[in-house]
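A.B. asks: The sequence shown begins at 1 in our numbering and counts up one residue at a time.
Please note: incorrect hints may appear among the correct ones.
Here are the simulated EDC-like pairs of lysine to aspartate or glutamate, each with C-alpha atoms no more than 20 Å apart in a straight line [stated by the list, open to error]:
#, residue 1, residue 2
1, 227, 34
2, 227, 16
3, 227, 199
4, 227, 27
5, 227, 61
Here are the computed distance ranges between Cβ atoms for each label pair [what the hints assert, rightly or not]:
#, residue 1, residue 2, range
6, 38, 131, 30 to 36 Å
7, 137, 14, 30 to 36 Å
8, 144, 68, 20 to 26 Å
9, 157, 227, 31 to 37 Å
10, 237, 89, 27 to 33 Å
To be clear, the hints were calculated from the coordinates, so they are not data collected in a lab. The beta-carbon is built from N, C-alpha and C at its ideal position, and this holds for glycine as well.
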Amino acid sequence: MNETIPAAFAQAVRRDPTVPLLTWYDDASGDRTELSGATMDNWVSKTANLLVDGAGLGQGDTAAVLLPPHWQTAAILLGAWSAGLTAAPTAVPGPADVLFTSPAELASAATWSAGDRYATGLLPLAMPLRPLPDGYADYTIEVRGFGDRFVAPQPVTPSDHALGDITHASLSGTASARASSLGITPGTRVLVDATAHPDPLDWLLAPLFAGASIVLCANLDPALVDKRAASENVTLILH
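Can you make the complete structure from the sequences, with help from the hints?
C.D. replies: Following this line, the structure appears as structure tokens:
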């Protein structure tokens, strides 16, 4: 079993960089975005470089990710973990070295003490956010200027913190156990209702550690589930 999140992600990309790793749907907007392992790796690397080279952050620093389930949220979380940052638990506002949010979460974000702040509209084709809130940089614009290969200044270890004080080793074990309880096995193509499973442990980490691929659906229209499952070769539905 992989004992760090970057190791699990790297294994997922190596398995076949060309096949879909995460496919995103929003039935309210009609958006569909498909990311192969290679494409997701590109976004994750750019995000890690943004944090390390752009924001000057690294091992032990904290990222607050106040975003709903989304493919960009996955890239930000995986980028932060790859860079050695720990994700801040979001239940109670606190200090963070960097914060990511969307217009819908600005009021909550204002209660956090943070250094660099990035906003994203979570828009189709990763389009820029307009208007951009005062005090925020646009994640989708800023991240594009950074390299699409990331070499960690120091490797992430199982004893490093991943979520608050929870280590990578502990969170890895929890993710693997959660995958087992949800019935996610290697090679599963799992459709996840983002409303029913908003915790990244369910929609991102459990499939990642199980060796599964993800069809993540926001505002899921029940009438479309069967047709989507067939078109996406889904083998497990979580709703």
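A.B. asks: Are the hints correct? Go through all of them and say.
C.D. replies: These are the hints, each one checked on the structure:
Annotation: proposed proximity of residue 227 to residue 34 holds, straight-line Cα distance about 17 Å (limit 20 Å). Restraint check for residue 227 and residue 16: not satisfied, since their Cα atoms lie roughly 26 Å apart, outside the 20 Å limit. Among the hinted pairs, residue 227 with residue 199 is inconsistent with the structure: their alpha-carbon atoms are about 25 Å apart, more than 20 Å. At most 20 Å may separate the alpha-carbon atoms for a hinted pair to count; residue 227 and residue 27 meet this at roughly 13 Å.
With a C-alpha separation of about 43 Å, the suggested pairing of residue 227 with residue 61 is violated against the 20 Å cut-off. Between residue 38 and residue 131 the beta carbons are some 33 Å apart, a value that agrees with the proposed interval 30 to 36 Å. Between residue 137 and residue 14 the Cβ separation comes to about 32 Å, which falls inside the hinted range of 30 to 36 Å. Separated by about 22 Å at the C-beta atoms, residue 144 and residue 68 satisfy the suggested range of 20 to 26 Å.
At about 44 Å, the CB distance of residue 157 to residue 227 disagrees with the hint of 31 to 37 Å. A hinted range of 27 to 33 Å for the beta carbons of residue 237 and residue 89 is consistent with their spacing of about 28 Å.
Violated hints, in rising order: 2, 3, 5, 9; the structure is consistent with all others.
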